[in-house]
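J.: Here is how the chains run, residue by residue.
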Amino acid sequence: MPGNMIMKNAFLHFLTLLLFKQKGKHIGAVLISVIIIFLLSSVLFISSSLQKTLLDTLEYQSDFTVSRVQAGKSVTTPVDWVDKIIEINGVTKVAPRIYGRYFFAPREESFLLFGVDFFDEQSSKVFESLVKEVDLKSFLTTESMLVGSGVRSFLSKHYYKENFSFKTPKGSFKKVKIEEVLPSQSGLISNDLILMPIDLSREIFGLEENEVTDITFNVPNDAEWDNIIAKLHLLFYDIRVVEKREIKKAYENLYNYKGGLFLILYLVTIVTFMLILYQRYSMVYSTERKEIGILRAVGWSIKDILKLKFYETVVVVFVSYIVGVVLAYLYVFIFDAPILSQIFLGGANLTNHVTFVPVLKFGLLGSIFLFYAIPFLAAVLIPAWKIAVTPPKEAML
Amino acid sequence: MISVENVSKVFNEGTAQAFEALHAVELEVSKGETIILSGVSGSGKSTLLSLIAALDKPSSGKITIGGELVSKLPDLHASAYRAKSIGFIFQHFNLLESLSVEENVIAPLINSGLDIVTIKEMAAKSMDRAAISHKASQQVKELSGGEKQRCAIARALVHEPELIICDEPTANLDRANSLKFIEILQSLYERGKTIIVATHDPLFESLPFVGKVVHMEDGIIVNREQGADQSE
Numbered sequence: 000m001p002g003n004m005i006m007k008n009a010f011l012h013f014l015t016l017l018l019f020k021q022k023g024k025h026i027g028a029v030l031i032s033v034i035i036i037f038l039l040s041s042v043l044f045i046s047s048s049l050q051k052t053l054l055d056t057l058e059y060q061s062d063f064t065v066s067r068v069q070a071g072k073s074v075t076t077p078v079d080w081v082d083k084i085i086e087i088n089g090v091t092k093v094a095p096r097i098y099g100r101y102f103f104a105p106r107e108e109s110f111l112l113f114g115v116d117f118f119d120e121q122s123s124k125v126f127e128s129l130v131k132e133v134d135l136k137s138f139l140t141t142e143s144m145l146v147g148s149g150v151r152s153f154l155s156k157h158y159y160k161e162n163f164s165f166k167t168p169k170g171s172f173k174k175v176k177i178e179e180v181l182p183s184q185s186g187l188i189s190n191d192l193i194l195m196p197i198d199l200s201r202e203i204f205g206l207e208e209n210e211v212t213d214i215t216f217n218v219p220n221d222a223e224w225d226n227i228i229a230k231l232h233l234l235f236y237d238i239r240v241v242e243k244r245e246i247k248k249a250y251e252n253l254y255n256y257k258g259g260l261f262l263i264l265y266l267v268t269i270v271t272f273m274l275i276l277y278q279r280y281s282m283v284y285s286t287e288r289k290e291i292g293i294l295r296a297v298g299w300s301i302k303d304i305l306k307l308k309f310y311e312t313v314v315v316v317f318v319s320y321i322v323g324v325v326l327a328y329l330y331v332f333i334f335d336a337p338i339l340s341q342i343f344l345g346g347a348n349l350t351n352h353v354t355f356v357p358v359l360k361f362g363l364l365g366s367i368f369l370f371y372a373i374p375f376l377a378a379v380l381i382p383a384w385k386i387a388v389t390p391p392k393e394a395m396l
Numbered sequence: 000m001i002s003v004e005n006v007s008k009v010f011n012e013g014t015a016q017a018f019e020a021l022h023a024v025e026l027e028v029s030k031g032e033t034i035i036l037s038g039v040s041g042s043g044k045s046t047l048l049s050l051i052a053a054l055d056k057p058s059s060g061k062i063t064i065g066g067e068l069v070s071k072l073p074d075l076h077a078s079a080y081r082a083k084s085i086g087f088i089f090q091h092f093n094l095l096e097s098l099s100v101e102e103n104v105i106a107p108l109i110n111s112g113l114d115i116v117t118i119k120e121m122a123a124k125s126m127d128r129a130a131i132s133h134k135a136s137q138q139v140k141e142l143s144g145g146e147k148q149r150c151a152i153a154r155a156l157v158h159e160p161e162l163i164i165c166d167e168p169t170a171n172l173d174r175a176n177s178l179k180f181i182e183i184l185q186s187l188y189e190r191g192k193t194i195i196v197a198t199h200d201p202l203f204e205s206l207p208f209v210g211k212v213v214h215m216e217d218g219i220i221v222n223r224e225q226g227a228d229q230s231e
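These protein sequence lines are chains A and B, in that order. In this text, residue positions in the first sequence follow numbering that gives the first Met the number 0: the first is 0, and each later residue adds one. In this text, residue positions in the second sequence follow numbering that gives the first Met the number 0: the first is 0, and each later residue adds one.
Next up, chain B with everything else stripped away, as it sits in the complex (with noise of 0.2 Å):
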């Protein structure tokens, strides 16, 4: 389904500050495979998730998804592969402070075409899922961390996505809070969606819906290890 092939990324180009953020990166993932991207800060995990989910166009090589060459899209079309095709879920949440979870939840349908009506029951459905249902009318700034993470999941689920993309997930979770979320990681995995997980907390590695760990490096992938999932 995803195909990274010879891509590389480099900041500042053409400056004295230039610096390769990643180098050659070849990756390929299934449709409905989890896999997870390890390593520590600054080796290039983020950056991969960035070009895989459009956010950002590669300084080289090609990233295809489903046959669609995605690292060339025009903004216009980019934004709606976004809104169509990616779940993202962000280390620091990124949601809008001033507003509800409910309202969170709607922003990536407000120009889908669909109505009010027909957003808040699709963001109904999400909420339940993340188990955030209950705290629909609060004030995103008034949720714990936990509850936070619950309202990007469901932000991330309410257009039905193929693949799910999550950077750094539990970074700002409690243990508990972080078993929880990798408990709805599980009930997507096994819904057939595509997840991407960069991350290097340990509790991941081992678990039973992995089909991939890879490790990176400065830039590069160092280490491909089959993980636990063995159905492909």
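Chain A on its own, in the form it takes in the complex (with noise of 0.2 Å):
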């Protein structure tokens, strides 16, 4: 029987006894490399999933947004561009928005509000995802908005339970009820945002009749895309084209280069703790040294003592790298991976609670496993396959 072999297997009977009776030499080398799967795998489960939850977000929005620009700076959007849009063949879905910053002036803070045409198809399928508990037709006919989770938390806060009132441009005030808080998985997007019906947002924006902040449309066929954004730009001398594709790349980028930063500490640290390990192994622990000799002079041979090493090793890698992805795992996706989180998410002017949705890369996981393994073998066997070639009975002085 096979199980039975492997208990009675001499070499493994012998490595577990090493492993086990020698933990005080391994558990050095299993914290440090605990805590540096930890990191790592932490950075690269947030930046996963935020990653995968904007670009989610993403699918359901518009190709195109445009907007009026006048001496390189934003200005309100003419209505009617959307009859002349819709003119272009090819253009389909073309939807007018308002959004901007609401400054709340008493306590420093802005939220993100967002006048959405609910009847609208296109908006609607972007914000299905955020109000699917919503009943839109009490939503509508009373003059309510939804909140994120943020300015929930900052609202309540300050005494505002149930309405807030906003200061419109004229200096008047306009009362809004808070009708529903959006979901906290979508934290990331939805934590400082308020939505509310077009009219509404118009109103507290002080816009006319005529002007929304921007336009969005979609183009179904990506071979288009150049050709409308050509159209437009003849049709309109005063127009900003921003194309989904542009901002898909840009949040890849962002987290892209948030979680390279860390990757690059990750390296500078694996490195030193290579080096440390390596030097441990070479010179300075003089028991490795005396063991290798000890075994080397009663029969092993070179190969049965890197075998042994090889062996120990991938136990103290497999180990450490299983307990750092798993703390990683309950970090990020359990408990929301405090800390952390915030230099990911920081910027955002309300404190952002953000439930992350688990990813898990294979690919990256098994990266993540060989950056971290090979070295560490190496770091282990290369000192122990000199001291072995060394004479035993100069290894065991």
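Because the hints were derived from the structure by calculation, they are not lab data. Wrong hints could be hidden among the right ones.
[Stated by the list, open to error] Below 30 Å or equal to it, Euclidean Cα-Cα: the simulated DSSO-like pairs (lysine-lysine) are:
no.	chain 1	residue 1	chain 2	residue 2
1	A	K392	B	K71
2	B	K140	A	K289
3	B	K124	A	K20
4	B	K140	A	K302
5	A	K24	B	K119
6	A	K306	B	K56
7	B	K61	A	K392
8	B	K61	A	K247
9	B	K140	A	K24
10	A	K289	B	K71
Predicted model only: the values in this text are computed from it and were never measured.
Two chains, two separate frames, one set of hints: put the complex together.
T.: Listed below in structure tokens is the structure:
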């Protein structure tokens, strides 16, 4: 029976003995490894999760967003552009939008206020996942808004439990009911977001009936995208066009950049750690030398020694890796990565409480393992080999 | 059985610190014979033992054991030779301190291809012979000098080697433990083992089972005396 054979295997027996009896020797390496793997995995889990959330959200967004620019400055966009854009062949689902930051002067905070035409098909699709549990009919018949969890807690803290009064440019106040809080899973995009009907937002921002902040539309045929951009520039001399693919790239770059910084830190840390390990095994750790010398003297070959050290290290590497990854998973996806999440989400004016959507990229986890395991093995095996090839008597001294 | 022919050993060869530890040593040891290598520290006894045990290679000359040229063996074969034919007892015991007596004793057999149950049975026999069975599960670091020596003996005998090599085996023992060690040595002699002991302990010189006493000085054999054992 294979199980019985494994139990009776003398080499495995001896390997287990050494690992258990000399656990003090490995504990330092395991602890440092667990910390390194934990940090790196956490960073990768966070960045993968954020990227996925953002990219999933982008999937529902319009292919293009256009707005008017005058003297390099964004100004309001005439709503009649909608009619001109819809005339272009290949363009579908044109919708006006109003959005902007509403500055709450007394506390120096701002919210991202979004006015949406909820009857518009595309807009509905964009916010479908956010407003799943909201009764849209009742929401639209009253002057209500949907708020992100960050906005909700900020307002509650300042005694706005049921309603909030927006100050309009005319100096009057517009009282709006807080209808619902957006789900925390969407925290990344919705934390400081306020969603409301487009006409209500127009009133709060003081826009005219014929003004919006931008217009969104789709072009189903990707091959036509550049043509459409060219046509838009012919149609409007003062237009700014933002493509979805640009936003996608920007998101990817942002989180790759932040992840990359951590990767550099990780590489520096791991190189330092491996150097320490290398030094420990090559010279400083005299009991290691003596142990190898003794085993050589009692008949172990260089190959036997390397086999022992290899398996010993593989166990240490595996245990550290699994513990590090599991802890990182719990930290990010169960406890929502306190501290580290703020490094990634820094810049948001309201404290962001994001629930990370679990994303496991096995390729990435495999790469972490290789980047960690290979130098670790080398750091142990090269000095072990150096000791093993010296005459046993010398090594035992 | 053992033939050492014109063997020299130079450490740090080719450097300014070059040092000749052995010079043109010639030695014959018959099967089942016990010989004593005597001499002061630095006379070359330990170096000669290391070369016979294939723990090191001579700079020149050759060593054959049972017809096999061991002085030129590549590592894999030299290790196999040590694992099969040599039982080495060191002056400083050279035990794995973090392991128990039994775990130290099984170490030479780990790569023998035998299963752990068989190995443990062999270790039990060997510990019996060395009178250390009662301490089998005790950590080596908790043992006295004499117990450590008996653990080292059990380890050296576990694979039933033909040749037992002892380097200053009683240097770290008191008289009572030294005498116990000699008793074990005698029992090994009676079982037909070939034994080479490097020592400057006078206790060994007049032992009845010693066939030859070889005196060394500055890496050279200066004198050979017939021992009390005339059985050859």
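J.: Between K306 of chain A and K56 of chain B, is the straight-line Cα distance small enough, at 30 Å or below?
T.: The given pair, whose Cα atoms are some 24 Å apart, holds under the 30 Å limit.
J.: Would you mind confirming whether the straight-line C-alpha gap from K61 of chain B to K392 of chain A stays at or under 30 Å?
T.: Holds - the C-alpha atoms of K392 of chain A and K61 of chain B are around 20 Å apart, at most 30 Å.
J.: Starting from K24 of chain A, check that the Cα of K119 of chain B is at most 30 Å away, please.
T.: holds, 26 Å
J.: Holds or violated: K140 of chain B and K289 of chain A, Cα atoms, limit 30 Å.
T.: holds, 15 Å
J.: Is K140 of chain B close enough to K302 of chain A, meaning Cα to Cα at most 30 Å?
T.: Answer holds: K140 of chain B to K302 of chain A is near 28 Å, not above 30 Å.
J.: For the pair we were handed, K140 of chain B and K24 of chain A, check the Cα-Cα distance against 30 Å.
T.: Distance of about 16 Å is within 30 Å: holds.
J.: Need the status of pair K392 of chain A, K71 of chain B: alpha-carbon distance at most 30 Å?
T.: holds, 17 Å
J.: Please verify whether K61 of chain B and K247 of chain A have alpha carbons no more than 30 Å apart.
T.: The hint is violated at about 75 Å.
J.: Need the status of pair K124 of chain B, K20 of chain A: alpha-carbon distance at most 30 Å?
T.: Within the cut-off at roughly 24 Å; holds.
J.: Is it true that the CA of K289 of chain A sits at most 30 Å from the CA of K71 of chain B?
T.: holds, 25 Å
Hint compliance for this structure: hint 8 alone is broken.
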